[in-house]
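Enquirer: Protein chains in written order, with the numbering used here: chain A, 1 to 449; chain B, 1 to 139.
Don't take every hint at face value.
What the hints assert, rightly or not - Pair ranges (Cβ atoms, derived):
hint : chain 1 : residue 1 : chain 2 : residue 2 : range
1    : B       : Q86       : A       : E357      : 31 to 41 angstroms
2    : A       : P34       : B       : A117      : 46 to 56 angstroms
3    : B       : Q86       : A       : P34       : 30 to 40 angstroms
4    : A       : D37       : B       : A87       : 28 to 38 angstroms
5    : A       : G98       : B       : A117      : 36 to 46 angstroms
6    : B       : P127      : A       : G98       : 22 to 32 angstroms
I should point out that these hints are in silico values taken from the structure, not numbers from a laboratory.
In this text, a Cβ means the ideal position worked out from N, Cα and C, and glycines have one as well.
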Amino acid sequence: MKRVLVANRGEIAVRVIRACRHLGLEAVCVYSEPDRDSLPVKQADRGVCIGPAPARESYLNASALIAAALGVGADAVHPGYGFLAENAEFAQACVEAGLTFVGPRAETIALMGDKLRARELAASIGVPVVPGSRGALRSLGEADEAARRFGYPLLLKAAAGGGGRGMRVVRSDRELADGFLGARAEAEAAFGDGTLYAERFLERVRHVEVQVLADSLGQAVGLGERDCSVQRRHQKLLEEAPSPVVTPELRRSLSEAALALVRAIGYENAGTVEFVLEPESGRFYFIEMNTRIQVEHPVTEMVTGVDLLVEQLRIAAGAPLGIGTDEVRIVGHALECRINAEAPEEGFRPSPGTVTEWVAPSGEGVRVDTHIVPGAVVQPFYDSLLAKVVVSGPDRAGAIARMRRALHGMHVAGVPTTVAFHRAILDHPDFQQGRIHTRWVEEELVVRP
Amino acid sequence: MELSWDDVRQVLAAIDAAPLEELELEIGDLRLVVRKRAPGPVGVPDPRSRSPVGGEFELKAPAVGVFRRGALQDAILFVEPGAVVQAGETLALIEVVREAHPVRAPETVEVVAVLVADGDFVEYGQPLMILRPLGSSRP
Numbered sequence: 001m002k003r004v005l006v007a008n009r010g011e012i013a014v015r016v017i018r019a020c021r022h023l024g025l026e027a028v029c030v031y032s033e034p035d036r037d038s039l040p041v042k043q044a045d046r047g048v049c050i051g052p053a054p055a056r057e058s059y060l061n062a063s064a065l066i067a068a069a070l071g072v073g074a075d076a077v078h079p080g081y082g083f084l085a086e087n088a089e090f091a092q093a094c095v096e097a098g099l100t101f102v103g104p105r106a107e108t109i110a111l112m113g114d115k116l117r118a119r120e121l122a123a124s125i126g127v128p129v130v131p132g133s134r135g136a137l138r139s140l141g142e143a144d145e146a147a148r149r150f151g152y153p154l155l156l157k158a159a160a161g162g163g164g165r166g167m168r169v170v171r172s173d174r175e176l177a178d179g180f181l182g183a184r185a186e187a188e189a190a191f192g193d194g195t196l197y198a199e200r201f202l203e204r205v206r207h208v209e210v211q212v213l214a215d216s217l218g219q220a221v222g223l224g225e226r227d228c229s230v231q232r233r234h235q236k237l238l239e240e241a242p243s244p245v246v247t248p249e250l251r252r253s254l255s256e257a258a259l260a261l262v263r264a265i266g267y268e269n270a271g272t273v274e275f276v277l278e279p280e281s282g283r284f285y286f287i288e289m290n291t292r293i294q295v296e297h298p299v300t301e302m303v304t305g306v307d308l309l310v311e312q313l314r315i316a317a318g319a320p321l322g323i324g325t326d327e328v329r330i331v332g333h334a335l336e337c338r339i340n341a342e343a344p345e346e347g348f349r350p351s352p353g354t355v356t357e358w359v360a361p362s363g364e365g366v367r368v369d370t371h372i373v374p375g376a377v378v379q380p381f382y383d384s385l386l387a388k389v390v391v392s393g394p395d396r397a398g399a400i401a402r403m404r405r406a407l408h409g410m411h412v413a414g415v416p417t418t419v420a421f422h423r424a425i426l427d428h429p430d431f432q433q434g435r436i437h438t439r440w441v442e443e444e445l446v447v448r449p
Numbered sequence: 001m002e003l004s005w006d007d008v009r010q011v012l013a014a015i016d017a018a019p020l021e022e023l024e025l026e027i028g029d030l031r032l033v034v035r036k037r038a039p040g041p042v043g044v045p046d047p048r049s050r051s052p053v054g055g056e057f058e059l060k061a062p063a064v065g066v067f068r069r070g071a072l073q074d075a076i077l078f079v080e081p082g083a084v085v086q087a088g089e090t091l092a093l094i095e096v097v098r099e100a101h102p103v104r105a106p107e108t109v110e111v112v113a114v115l116v117a118d119g120d121f122v123e124y125g126q127p128l129m130i131l132r133p134l135g136s137s138r139p
C-alpha cells in the first residue's frame with residue numbers, strides 16, 4: 001500500500017490524511033466543486049474533483065470514487081464515516097477494481113448493516129439483546145402482537161436503519177398504527193427498505209459502545225468503552241471514555257460480548273459494538289455494530305494511546321495488530337464535544353455560511369479535529385460539524401474542568417455554534433455526577449417552543 | 001398545528017422557487033422533509049463558460065474518468081481540430097470504471113483544440129476541448 005484515496009470530506013478527511021502521513025503513505029483527497037478550497041484538499045498530496053455539490057453526484061457516487069482512485073494510481077480507499085463507509089456494494093466494487101477497501105469485507109458490512117440479522121446473530125451466540133420480535137414485522141397485526149408480548153413502550157426500528165431514522169417509540173395502542181406506518185414510510189424513504197422490527201423500549205438507559213480492532217490474521221482486541229449518552233434525537237453531542245458508570249467487571253463483560261461477536265463474524269479492521277446499558281442493574285443489551293471508524297473515536301485514542309486510523313491502515317495492508325489485549329491500558333479520562341454550525345435556540349437549525357473568525361482551543365491535554373480555518377465555508381450540502389474538541393485529564397473531574405477551559409478559549413464568528421450548549425451540559429450537576437441517560441438532553445436541557 | 005392542503009401547496013411552491021436541494025422544517029410537532037431532484041441530466045457542468053474572445057468556450061468533463069477520443073474497441077477518433085460537429089453528436093468519451101459516457105456537442109461547433117490526450121485521467125469539470133459555436137445558419 002502506497003497511495004490512499006480519501007473518499008470523504010471535512011474533519012475526517014483531514015484525520016485520514018494525518019494517519020497516512022504518519023505511515024509515509026501518499027494521500028489523494030477527492031472533493032466536490034464547492035469543497036475545492038477546503039483544508040483536506042490543501043493538505044493532501046493531490047486533490048481530485050469528482051463531481052458537483054450534491055452528495056449523490058460526488059461523495060456518494062461510487063463509480064466516480066473508483067474512477068478517481070484508479071486514475072491517480074491509488075491502491076487503497078479509506079471511506080471515513082458517513083457517505084459510503086457502510087455501503088457493502090461500494091466495498092465490493094473497490095475490491096473488484098483491485099483496490100483495498102480500508103474496512104471490513106463487503107459481506108460483513110452487509111450482515112451488520114441488516115440490523116435485524118445482526119441482532120439475531122448476536123442472540124444466537126449468547127450476546128444479550130433487548131427483548132423484541134424474532135423476525136420482521138410484516139403487518140400492523142404483527143406489530144400489535146409484538147406490543148402484546150413485550151408491552152409498551154415499544155420501539156419500532158428499521159432493519160436497514162441507523163442514525164435514528166425509521167425509528168418510533170410507541171407508548172400505547174392508540175399510537176401503534178401511526179407509529180408503525182410512520183416508521184415504515186420513513187425507513188422506505190431513507191433506506192429504500194421499509195422492513196421493521198420491534199424491541200422493548202428501555203427508559204433511562206445509557207448508550208455505551210465498545211471499540212474493537214481485528215486484523216486479517218484473526219487477532220482481535222477491545223479498547224474499552226465510550227459513553228455517548230448525551231444525545232439529542234439519537235444524535236450524539238458529547239462523548240466520553242471511559243463511561244462514568246462502567247466498573248472494571250462490567251468493562252470486561254462488555255468487551256467479551258463485543259469480541260464474541262467480532263470472532264463469530266470474522267470481523268476485520270476497526271468497528272464499534274453498541275449497547276444500551278441499564279446503570280442500576282448493570283444489564284446491557286446489544287443494539288448494533290458499526291462497521292467503520294466513528295466520529296467519536298478520538299476519546300478512545302486519548303485514553304489508550306492507540307491511533308485507530310493508523311491501525312485501520314495497517315490492518316488493511318495486512319499487518320498484524322500493533323497491540324495485544326493485555327497491553328490495552330485505559331489511562332485517565334477523555335471527553336469530546338461535537339461543535340456544530342447550528343443554532344440551538346432555533347431547534348438546532350443547521351446554519352451554513354462563512355467562518356469569518358476562528359480561534360480553536362489549545363493547551364495541554366487539548367486536541368481539536370477540524371477542517372475549519374478562518375474564511376472556510378460551511379456548505380449547506382453536507383453535515384454541519386465544525387470541529388471535535390477533545391480533552392483528556394487524569395480523571396473525569398479533571399477532564400470536565402479542562403473542557404470548560406478549552407471551550408472558553410474558543411472563538412467563532414460568521415456562523416452560530418453549539419459551544420454555549422456544550423458549556424451548559426458541562427455545568428449541569430446531573431452531567432457532572434454522571435447521572436444522565438439518552439433522553440436527558442431532551443428532558444432537561446432543550447426548552448420546547 | 002393544523003395544516004391544510006392549500007398550506008402544503010404554498011409551502012411546496014415556495015420551496016420549488018428557492019435555490020436549495022434539501023429542506024427540513026420543524027414547527028412544533030410538525031416535521032417536513034423535502035428533497036428536490038435536479039432537473040434534466042445530472043452532474044453535467046455548464047459547458048458554456050465562454051472566453052471573451054470570439055465566443056469560444058471550453059468543453060468541460062461531465063465526469064471523472066479516462067478521456068477517450070475514440071470508441072473503445074475500434075479506436076476510431078471522433079474529432080480533430082477543425083472538425084465541425086453538429087449539436088448532440090459525440091465529441092469524445094469519458095470512461096468511468098468500464099462504462100463509457102459520451103461527451104456531446106452542446107450546439108453545432110467547430111473544434112478549435114483538444115486539450116487532453118487519449119487515455120489521460122480527467123477530473124470532473126476539467127477543460128477537454130476548446131469549441132467555437134457556428135450558430136444555426138451554418139451546417
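Enquirer: Could you run down the list of hints and mark each one as holding or not?
Expert: Status of the hints after comparison with the structure:
no.: 1; hint: B/Q86 / A/E357: 31 to 41 angstroms; result: violated (54 angstroms)
no.: 2; hint: A/P34 / B/A117: 46 to 56 angstroms; result: violated (29 angstroms)
no.: 3; hint: B/Q86 / A/P34: 30 to 40 angstroms; result: holds (34 angstroms)
no.: 4; hint: A/D37 / B/A87: 28 to 38 angstroms; result: holds (35 angstroms)
no.: 5; hint: A/G98 / B/A117: 36 to 46 angstroms; result: violated (24 angstroms)
no.: 6; hint: B/P127 / A/G98: 22 to 32 angstroms; result: holds (29 angstroms)
The earlier numbered hints that this structure contradicts are 1, 2 and 5.
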